[in-house]
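Participant: Given next are the chains, with one letter for each unit.
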Amino acid sequence: MNMIALKMLIGDRLKYISLVAGLAFAAFLIVQQASIFSGFTLQMGAWIRDTAVADLWVMNDQVNFVDDYKPMPETRLQRVRGIAGVEWAVPMFKFYLPVQLPDGTIVQCRVIGLDDATLVGGPPTMVDGRLEDLRRDRAVFINIDQAGSTLAQPRDDNKALKVGDRLSINDNDAVVTGMYRATKEFFWDPVIYTTYSRALQWAPRQRKLLSFILVKAKPGVDHAELATRINEATGLVARTNEGFDWKTTSDLMNRTGILINFGMTILLGFVIGALIAGQTFYMFVLDNLRYFGALKAMGATGFTIVRMVFLQTVTVGMIGFGVGLGAACLGGIVFARAGLAFQMPWQVPVASGLAIVVCCMLAAGLSLMRVLRLEPAIVFKS
Amino acid sequence: MEEETLLSLSQTGEARFAMKEMRRVCRDSMQKLMVAQLNHNIAVKCDNVVKTYETGGTKVVALRGIDIEVRTGELLMLVGPSGCGKTTLISVIAGILDHDEGDCTVFGNDFKSMRNRDRTTYRGQNIGFVFQAFNLLPTLTAAENVAVPLLILGTPRKEAIERAEEALRRVGLEQRMHSYPKQLSGGQQQRVAIARALVHGPKLIVCDEPTSALDHETGHKVMELLREVAVGPDRALVIVTHDARIFGFADRIAKMDDGRVVKIEEGQGTL
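Each protein sequence line maps, in turn, to chains X and S. The first sequence begins at 744 in the numbering used here and counts up one residue at a time. The second sequence begins at 3 in the numbering used here and counts up one residue at a time.
Worth flagging that the hints you see were computed from the coordinates, not collected in a lab. There are no misleading hints in this set.
Computed, partial: chain S to chain X, Cβ under 7 Å:
#1 Ile-98
#2 Arg-119
#3 Thr-122
#4 Arg-125
#5 Gly-126
#6 Asn-137
#7 Leu-139
#8 Thr-141
#9 Leu-142
#10 Pro-151
#11 Leu-153
#12 Ile-154
Think of the CB as a built atom: it goes at the ideal place given N, C-alpha and C, for glycine as much as any other residue.
Put together the whole structure using the sequences plus the hints.
Facilitator: Pasting the structure below:
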């Protein structure tokens, strides 16, 4: 009977292709949109994960996400260092500053100042130069992927920035002494690393300049407990790497409406898939109603018919999902090469597969009601 | 016990009485045997079968107390004008439609008292169908179409196809076993349908207007084939038709009108 069910399905080429195409389109839309959404969410906390050398991030309690600049007085650093359970604590500066490129183009950059003594929180991978090169006079590091894109010089034939080039950061001379590679971020402004003291010199004068304090807990100290102690002692908020990552991601999702937008598209994919599959499969079953009736008359039980219909839906569902997933993966490779956010963790294909299964079940359910209510006596109606 | 009594009576000299008793016993036994034989020959028995359809609050009586018997080894034709209840009666006989009143048994089995699943299984094992529109699955080959009843009964695919090919040989379609229905003529499609109805060796075959979609010559050949391969000593064949050209093939013809069997006449039973 399985052979009959499959031959019935595949024999009607037009409907079969329509069914597979409908489900493939739905799978493609769901997987692609979910992967782009996943890519964006992973990008939101990328800098936090790249900088995760310490256990806690201490910040102003009003900071909502990683680029939310709400500085603290520098005196807070000493108070944090004095809290029981803190192994070490270092300052970090992060602020937007105007940077003039050698060709005169001005670009707004995120300047990150690392603790002069330890350089803790530096770039994850140095491509050109060493981390210690940051201690050289007026030294800065730039991202190698941004050197030829957001830091390219449009007035000089889009020439990429390179080691040795001179920059003017908020009217202060700087020299590129190294290049690093980091995970792509949600925000597009170039990130420039320098030392904490140099960053303070370049930043506009103001009373509070400290962005973050990176804290390492002593061995055996519970991070959550230490965070509470820091909060009680200083009034600042201390977050673990994961906590700060999640806070940033959830806040940006709420601010940008990205969740609703992608959610709507994913839902649209599901609805379109369910509608196309449901309608086409229903038409397929209607066209074959007299054959199902003949099978029932010839002794096929309701269970056999249900099994046949489910086999047909599962088959088109699997093929459609496979085609859609494959197309989304191919699209993903192209997107990723173009620098777009596209990440497909295992949850995406699994959840999309379940969505397609639900599409198929809805399609089969609609049709099955018709088939099960079918009187086999229909076969004697010409 | 009765033989011992007769023996003792003859030994006591009451021979005349004994002979009389012996004749009575023989007569009763013969009568019982004849009734048993008669019952044995009955494939379908309908007593006062009533069927009413209800559509949109209107009741339409399709069968108004049908009494009919179909015997094994015979070809019975149900004839009559459109809407007289032929198709309803054949549907009740085939167990694919419930009747409202009366009794209808097929080889002694009352479909009404059976569970739905048992009825479906019984139908699959014992009844073969030939439809007016053939109802051959267009995406299956002739052999695969014929194998369908066997596959429904759970026969392994290889064996089912072998038996289907054998059935197609019996109806003269050995050259078209792997053809799809659309590649066959109307007559060939009906022959495939006949092979499908016979392949699992059913005891009752019901045919609904088997020649109405065919021209005269092809219809005649199909009827010749049906008589040749479908009528057997242990099998009954019921054909619903209003094609007067094939009446000559029937052993008996039941004429229906307005939900009743109005006349049953003997046919020619031509082969």
